Amino acid sequence: MVKFKITYFLLLCSSILSLKLYAQNKFTVSGKVKDSKSGEELIGAVVMIEELKTTAVATNAYGFYSLTLPEGEYSIYVNYFGYQKNEFKAKLNQNIVHDFVLVEEVTELKEVVISTKKQDDNITKAQMGVEKLDIKEISKIPVLFGEKDVLKTLQLLPGIKSAGDGNSGYYVRGGGADQNLILLDEAPVYNASHLLGFFSTFNSDAIKDVTLYKGGMPSPYGGRLSSVLDIKMNEGNDKKYGVSGGIGLISSRLLFQGPIVKEKGSFMVAARRTYADAFLKLSSDESTRNSTLYFYDINAKGNYKINEKNRLFVSGYFGRDKLGIGGTFGIDWGNSTGTIRWNRLLSPKWFSNTTGIFSNYSYKININASGNDFTIFSRIRDYNFKQEFEYFPNPRNNIKIGYNTIYHKLTPGQSTGSNSINNSVLQDRYSWENGVYFSHDLNATEKLNITYGLRISTFSAIGKGNFYTYDGNGKAIDTTYYNSGEFVKTYINPEPRFSGSYKLSSKSSVKASYARNAQYLHLISNSTASSPTDLWISSSANVKPQLADQYSVGYFRNFKDNLFEFSTEAYYKDLQNQIDYKNGANTQANDKLEGELLFGKGRAYGIEFLLKKKTGRFSGWIGYTLSRTERKIDKINNNNWYVARQDRTHDISIVGLYELNKKWSLSATFVYNTGNAVTFPSGKYRVDGDVQYVYTERNGYRMPAYHRMDIGATWLRKKTERFESSWNFSIYNLYGRENAYTITFRESESDPNKTEAVRTALFRFVPSFSYNFKF
Amino acid sequence: MKLIKNFILISLASLVSCTKVINIDLNSADPKVVIEGVVTGLSSKQTVTITKTVNFNDSNTMPAVSSALVTISDNTGQLDTLKETSSGVYTTENIAGVYGRTYILTVIAEGKTFTAQSTMPFPVNLDSLYISTNQLLGGITYSPSIRFYEPAGKGGRYRFIRYYNGKKEKGTTVISDEGVDGIIIERPITSPRDNGTELKVGDLVEVDFLCTDDAVYTYFNSLQQNTSGDSAAPDNPVSNISNGALGYFSAHTVQRKSTIIK
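Chains as they are written, first to last, in the numbering used here: chain A, 1 to 775; chain B, 1 to 262.
These are computed hints drawn from the structure, not numbers from a lab.
Every value quoted in this text rests on a predicted model; they were computed, and no experiment measured them.
Beta carbons: idealized from backbone N, C-alpha and C, even for Gly.
Mixed in with the good hints, there may be bad ones.
[As the list claims (entries may be wrong)] Straight-line Cα separation of at most 27 angstroms, DSS-like style, residue types lysine-lysine; simulated pairs:
1) B/20 x A/754
2) A/635 x B/112
3) B/32 x A/635
4) A/475 x B/20
5) A/754 x B/167
6) B/154 x A/592
7) A/754 x B/154
8) A/754 x B/52
[Claimed, not checked] Partner residues are not named here, just some residues of chain A that face chain B (Cβ under 7 angstroms, in silico):
9) 56
10) 309
11) 312
12) 313
13) 691
14) 696
15) 756
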C-alpha cells in the first residue's frame, strides 16, 4: 500500500515535471468570462479549444481562466449553459489576455435552466459529493411563506437532510448540525437561521453561486467535519443601475445594484425584513400588541477594478432577529460578516487572492421580570486572514497553495443585573486556528481526473484565563492560570484529501474520494430544537478536536445526450471525539462546563441515488438515500452503540418543474423520510408526588415518518427589456399532513389517573403569494 | 428557552399548529424498584416509600413493595429498622435529623439490596417569599419568588417545593451556588415543567425551602431537565441509590414560608 502511494506520488510529480521537458514555445491565454448584461463574472464556465478536443479548463471562483498551449492558431470557445457559445480566434505567438463576454440564450426555456455546468461535467470532474444550485432554480421551488430559501432547497438533495419543520439546521451524511461549515463570501456564519429556524439567513436575491460539498472536500476548506456550504454574493451590475424586489405575505425584499464606475466597478445592496409581528398588533391583549417578532438582513457588496491585474472586493452581511414579549422579555441575535478581497494577476499563469475576513455572531437576552432587570450576552468573534495562490501551468494542471489564519474570541455568556445581584461572568476564551494547504487538479489522462491535496491544520487554545483539570468524573481537581497570549494546548492535524474520476465511456464514469477533516469549535445543545443560545465551545486540553474520515465511491451516468443525469454515491464516515452532555449536566452559567461533557465516537454510512432531468419543459429530480448514523459515547446507553438523533433510514425527495407556457410555470415537491430517532419512556413511577417516566434506551424509538407535498406556480405577468414582473403562489403542505414537531408525555387532563402522549404539529396548508419585480 | 419557543409557536404558528393526543405503542419494561427516602430535622418521624414502576398505559397507581427490610443508620452509630405502617410505606420515630450528620439507608427488597447515603447540611435562612407579577401574553401572571443570602464557600444546594392552596404544585426548583456563591439570591422559583397552575388574587402560596446535599441536588436537577419536554435525550435522573433503583434518599432541612396573593 505504502509502496503504491509512493509510486503514485512520484508519477504525479513527474507528470508536472515532464511538462517542463516539452515546454518549448508555449504561451498563455488568460482572462475572465463575464455576463454581457450585468458584467458579473461567471464561475465554472468551461473554456475549450476546437483543435484540441480533450483540453478544457473551467473558470475559478472569480471567473478567471488560464490556458497554456504550444504556439499556434486556435479557436477557443466558451460553453456555459444558458448562454450563447462564444468563440475567439487566437494566434498564440505571445501571451494573450482575452475576456469572454457571454450573451444569455434567449429561448422560451431560459427560465428553467437547471444547471450552469458544462453538460457532462458530472461525468468528467474528479470532484464528487458536490451539489451546486442555480438561483433561478431556487426561485421556482415552493417553500414556506413563499420565501425562497437556499438552505431549504439544498435539503431536497440526497444526503442533505432537514432537521425538521421550523428548523433550518441540516444534517449532511449523518453529521451534526454544527459540523457544517457555512461560508458567505468566505466568512464563516455561525447561526444560519432566522426566527429560530423558520428562515435561513441567506437572502437568495443577493446570492450568485451556491456550492455544497458533502464529501471529499478540497483542501482549501477546513474546520468542520461534515460539509462545506460555500455561498458567493452577487457582485452587482457594472453596466447599468437596476432595482428588483418582492413583496410577500410576511416579508419584503429589495435589491439595488449598479456601476460605481462604468465597467470598472459595481455595487449591490440587498435588504429584507419580515413583518410577521404586524399580526400581533391585531390582538386584543396589550402585552401581545407590544410584542415584537421580526428579522431583517442586509447584504452589500462592491468591487472595483484598479487595473487589468488588480481588483478589489468589499462585501458584508448584517442580520438581526428581534423578539420581545411586552416589556418583560426580549432576545435579539444575529450575524455580521465583512470581507475584503484583493484579486491579483501575478502573471498569466499565477492568480493570487488575499482576503481579510471578520465574522461575528452574538445574542442578547433581556429579562425585566419581577422588578429584576437582567441581561445575558454572548458572542463569537473571528478575525481571519487568507492568502491563496492559484497556478495554471497548463490545461491539464491546476494547483492551489494557500494559508489561512483565524483568531477566535468566544464570549460564552455574561449576565448582568440592574441591582448587582445574580451577576456572573464566564471567562472569555481565545484561540488561534491555522491551516496551510495545497491542492492539485490533474487531468492525468483523457479518462482519469484527480484532485488531491493536503491541509495541515493547527489549533491552539490560548490565555488569558483559568483552565481546569478534571478527574474521571468531571470534577475539577486543579486550576491553572494562563497569561494573555500564553499557549494552553496545541493540536496539529494533517488532513489528506483525494478524489478521482475515471471515465468508462463518454456517458459514464466512476469516482472515489477520501477526506479527513478536523473540527476545533463545537456546538453543544441538549434540546431538540435549535436555539440561538446553543453554546459554542473551543477545543482545549479536555475537549479534543473532532475528527472525521470519509470514504466514498460513486457511479455517474448520463442518458439521452446528457438530458438525464444519474448518479449514485456510497459513503462511510468514521468520527472521533464526538461530544455530548452528561445526564443531568449543569449547563447554566457553568465555568467548568467541560466537566459536564462526555466523549465518544460515531459512524455513518449510506448510499445515495439521484436521477435528474436537466432541460426541457419538464425538469426536476428524484433523490433517495438509505443510511445509518450511530454514536457510541462513554456512559451513554450503557456504553453501547445507539442510533443518533439525525439517523434516517429512508429519505426520498421528488422535485418537478413544468413550463406550461410562456407565462406560467408550475412546480411541486414531495419529501418523505423516516422519523428522527428519539427517546420515549418505557414505563412510569411516582416520586415527589409527581408521575415520572422511565427510560430504558437512548433513541430507541422513532418519530412518525415525515412526509409533505408543496406546490407552486409562477405567473410571468410582464416581461420587457426594461421591466419584468411576476406573481408567485404556493401552498406548503398541500394535503395537510400533521407531521410531529414534538411528542410529549403528560398526565391526562380528562383522567388524572392516566398518562398520555401528545403530538404537536406545525404548518398545515400554508398558502402564500408574493409579487416580484425587476427594472 | 421554553418561553421563547412557546412564544414563537403561539405567535407564528397558532393559526396552523395543532396538538393532539395520540396513541404510541411503547415498549413495556420489567418493573423496577422505586425508593423515596427522606430524613428531616422537622420531627423524628422519617419515612421511606417503596413502589414499583408500571407500564406507560397502566393507571397511575403504582404497586407498593411490601415486606422489605428497611434500615436507617448514621455516622454516630445509631441504627433503626423501619416499620411498614401502611403498604409500601416504612416509618420510624427513633431517628432525628441532625445538621452535619450523614445518614445511610439500606433496603432489602425483591431479593436485592439497595443502599444510599445523604448528609444533612447546616440550614440557611430564607429571608422572604414574595409574589412577583409579570405583564405577559394574555394578562398578569403571578410567580412565587424568593430572596435569601447564600453563605460563601459552603457549596450550597437548595430545593423549593410549592403548594398552591394546600395542594402540591408539580415539579420542583433547585438552585446551586455555582457562580452565585456568597451573594443575595433573588429570583422567581416557577418550575419549567408544564405550564403550571395559574395563580390568582386570594390564592395561598406556601413554599418549602430545603437545604440538600450535592447528590440530591443532582438528582432533582437531572429530573427537571429530563422532564422539560424538549430535552434531546431524556434519561433517568442520576440517583444516589445503588443497584439500579429509581428514586432518591435525601437528608435535608426544611423551612416553610407562606403568602397570600393580593
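Please list, smallest to largest, the hint numbers that this structure does not respect. Hint check: 4, 7, 9, 10, 11, 12 fail, others pass.
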